[in-house]
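*Asks:* Chain by chain, the residues:
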Amino acid sequence: MKGIGSRILNRHRCLRVSSALSLFAGILISTGCQITIAESTATVDYRVFPRLGQMDGNWAALLAASDGKVYVGLACHGCSGHLVFYDSVTDKMVDAGDLNSLTGQSGLAVGPQSKIHAKFGEGNDGRIYFATHGGWWFDYARFATPEGYPGSHYMAYDPKLGRIQDFGIGPRFEGMNTGAYDPKYNRIYGLTHPRGHFVYYDVATGAKVDKGRVNNLDSICRTLGIDDEGNVYGSFGAGRVFVYSPRTDAIRELSMQLPIRQKGISLGRDYLKSETAWRVVIWDRTTRRFYGVEESESALFSFDPFAKPEDAVKRLGSMAIPQLATQRDVPYATLSLTLGHDRKLYYAAAAKEFDYGGSRVAEPSHLMTYDLRSGKTEDLGEMRLPDGRPVLGTNSADTGPDGTIYFVGAIGVDEGSTEGKENAGKIGDMPYRLALFMYHPKAVAAHE
Amino acid sequence: MNRAGLSVFLCAVLPLAAFAQRDPGHDRVVVPQTRIDLRDLGYSPLDLIPDGESGITSLAVAPNGDIYGATSGVRSHLFVMNPLHGYVFPIGVIPDTTSVTHSLVVSEQGHVFLGTAPGGHLLEYTPDDIDNRNIEIGKALAVKDRGAPVPGESIFALAIDRKANRIYGLTSPNAHLFSYSISTHTFQELGIVAHSAPWAEKSEHEKTMSRMLAVDGRGNVFATGEDGYFYEVDGKEQTLQKLSIRVPAVPGREPYTRVDAFLIARSGAIYGGTSDGYLFRLDPETRNITNLGKPLNQYRIAGLAWGTNGKLYGVGGDDSEMARLFSYDPKDGSYDLLGFIDVNRRPYFTWAAYVIGDIVSDDRGTVFLGENERISKLYLFFP
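In order, the protein sequences belong to chains U and B.
Sequential numbering from 217 applies to the first sequence in the numbering used here.
Sequential numbering from 6 applies to the second sequence in the numbering used here.
Just so you know, these hints were derived from the structure itself, not from any lab.
Small disclaimer: the values here were computed from a predicted structure and weren't measured.
Keep in mind that a hint or two might mislead.
[Stated by the list, open to error] Among chain B residues calculated to face chain U with C-beta under 7 Å, some are:
id, residue
1, Ser208
2, Arg379
3, Ile380
Built from N, CA and C at the ideal position, the CB exists for glycine as well.
Working from the sequences, and respecting the hints, build out all of it.
*Replies:* Structure (structure tokens):
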């Protein structure tokens with residue numbers, strides 16, 4: 217019996233979402249925003265990670281640096297993650313090393329450094345800053361035990377020297393669930409898992425600071441946003457926002473409210489995900505505000521931290537695939553949001569609940585855009601590789617210096633193929649492996 | 006569900022469990038959800054003790070059944086919970102105080118005494134008509150300052166002998182034991198339980214003393230100090246004596262071990278939990294100590310309280326760990342390991358306590374657990 221996986225390998229044989237699209241084709245007016253649904257596909261170039269086919273996930277850890285290198289954190293549950301970079305100039309993928317070795321814990325038989333689970337940051341010194349994360353937590357049965365996860369390391373990669381610097385463990389026993397680097401204050405910020413503490417590492421002084429708990433383990437927001445003054449924002453509770461000021465070294469809870477959908481909409485998923493936080497935010501230097509997607513229904517919002525509280529947050533629309541947007545079970549939002557050089561937000565929307573090997577079925581992601589100038593939302597269609605294979609899901613995005621939009625996610629592979637000899641497991645019944653995707657807005661515009 | 010159905014269900018759910026932050030299987034590692042609840046510290050969303058000031062580090066049950074609590078953080082707050090109302094009422098900000106650690110006692114007359122840090126003053130609060138007041142977060146608590154028992158020292162722990170109308174205290178960092186007569190408003194310094202810090206790294210200077218004091222049925226007071234030795238205050242003579250008994254510990258670890266929590270039994274026995282996570286029983290008359298073992302593979306016993314079922318309830322886990330609740334049955338010496346302290350009221354909220362600051366129980370059998378984190382709640386466990 218052919219499974220869903222084999223069906224969607226061939227775009228001509230399975231167009232489950234595309235077929236549905238025909239019912240909704242045209243222009244929809246929803247929440248006051250113009251939404252265009254396309255029947256076309258968004259073709260993306262891709263590169264796999266050679267000899268790293270067993271890497272099973274990527275969340276947030278993607279940075280297109282100023283020198284053209286694209287850094288990716290590859291996760292491996294139950295084993296060591298890897299730091300890799302793609303040199304867009306030479307078109308080479310480089311494995312900078314496995315995280316267990318880079319953190320000096322190889323052979324110690326402790327919980328592996330399985331992930332970089334948060335955003336990278338580029339310092340004024342050209343170094344790439346990040347923090348590591350654990351993989352499996354075993355229902356916290358091994359938490360704070362000798363065999364358990366020893367804690368997240370703060371680290372930097374120096375592309376000039378090709379070397380990693382390990383600043384040591386920050387939070388003991390905890391991973392860095394969420395992170396962001398601020399070049400202004402030269403600090404790596406993070407939210408820990410499982411205890412939800414706001415922590416930071418001050419690179420200049422070497423200080424490791426824990427400012428205490430900000431959330432519960434199931435609702436730790438997945439993105440910290442940093443404005444151009446160095447203030448750090450996160451969401452907590454039921455759609456609320458906190459801000460950390462490096463000037464006062466204090467956390468303050470703000471009174472504005474994010475556009476969070478009422479609870480109880482999807483009890484099954486609600487158990488797994490809190491659905492009360494923003495999933496991803498990005499800072500726009502031009503408008504000096506954040507743009508973000510909340511996790512429950514993929515609502516797109518703007519957040520102006522300098523505005524009066526009642527004017528600070530505005531709902532702009534939805535980044536969910538349009539025909540799914542009004543359903544109860546709109547898929548959990550992805551972390552794949554970035555701002556293009558064309559002033560469009562690019563977002564890779566999941567067609568089904570997507571969490572790599574935790575996904576029950578595989579469906580092609582859609583590439584959504586929101587034009588900050590016109591307020592127009594557009595569904596560019598299913599994301600597919602040049603050979604027609606679908607992008608099964610993504611969970612990170614960034615924009616390169618040349619305007620290329622990068623994503624990292626999963627593709628299906630044929631176990632008999634060269635790519636399929638190594639795979640990370642299955643999504644549904646389809647073997648998958650990770651890949652870096654490249655979308656070229658300018659090239660598409662020229663083609664059109 | 007038949008076996009095939011179960012297999013299909015598990016195949017569908019387990020892969021998700023591997024990646025998700027919380028899955029239904031997590032419920033088996035937490036306290037049963039029909040036996041636990043929590044309260045915000047005030048009236049949500051605005052009239053709450055602010056985050057960063059809400060770590061509960063002292064709890065006490067008044068003679069009338071009210072539960073008093075004090076917090077630590079940027080500022081310290083006093084709150085009360087009347088079990089008939091069921092909500093927490095923040096009473097006020099404790100003046101010039103950032104920490105109140107096991108230093109809240111209530112006299113027979115219902116007056117509340119607070120031992121403060123860093124100031125080291127003993128403050129007295131007389132309850133007023135809280136039922137007819139509005140919550141005013143930030144309002145200063147009206148107290149009488151009864152003075153500083155040992156100038157320059159913080160108050161680290163308090164205990165009360167209600168019959169004798171006398172309060173006992175321990176100071177930090179230099180481990181002075183003192184008493185205070187409620188009727189005459191006079192302090193008496195009784196001696197020191199730790200003169201030196203144990204041999205440790207050069208960055209470590211803390212002297213080792215118990216985090217609580219115990220007053221037995223005869224009015225004698227127990228503490229632990231340097232090298233894990235017990236000290237006893239004769240309540241009548243008001244004299245301090247170093248005993249020859251030590252805190253149960255792995256040989257060699259006595260200097261680093263202290264009693265975290267004491268609990269008096271109706272039998273007169275004193276139960277205690279150590280910083281290494283052992284539970285013990287002390288016969289205050291014979292001074293025999295029985296090591297009852299270690300319920301969890303974690304450090305610390307953050308607090309102990311009796312259930313009306315005759316079992317003793319406690320919480321283990323250090324500040325960097327995740328706290329777990331256990332019970333001990335003195336009848337057969339058995340432990341029940343009850344799991345993480347987690348309240349799951351989806352879709353409304355879910356919250357877990359990772360660090361517990363203090364535990365008490367009332368005569369209705371409810372065990373109150375005070376969370377001590379930047380954002381903290383008061384948990385109610387129903388044995």
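*Asks:* Now look at each hint and say whether the structure bears it out.
*Replies:* Quick rundown of the hints versus the structure:
no.: 1; hint: Ser208; result: 15 Å, violated
no.: 2; hint: Arg379; result: 3 Å, holds
no.: 3; hint: Ile380; result: 5 Å, holds
Going through the hint list in order, the structure does not satisfy hint 1, though it satisfies all others.
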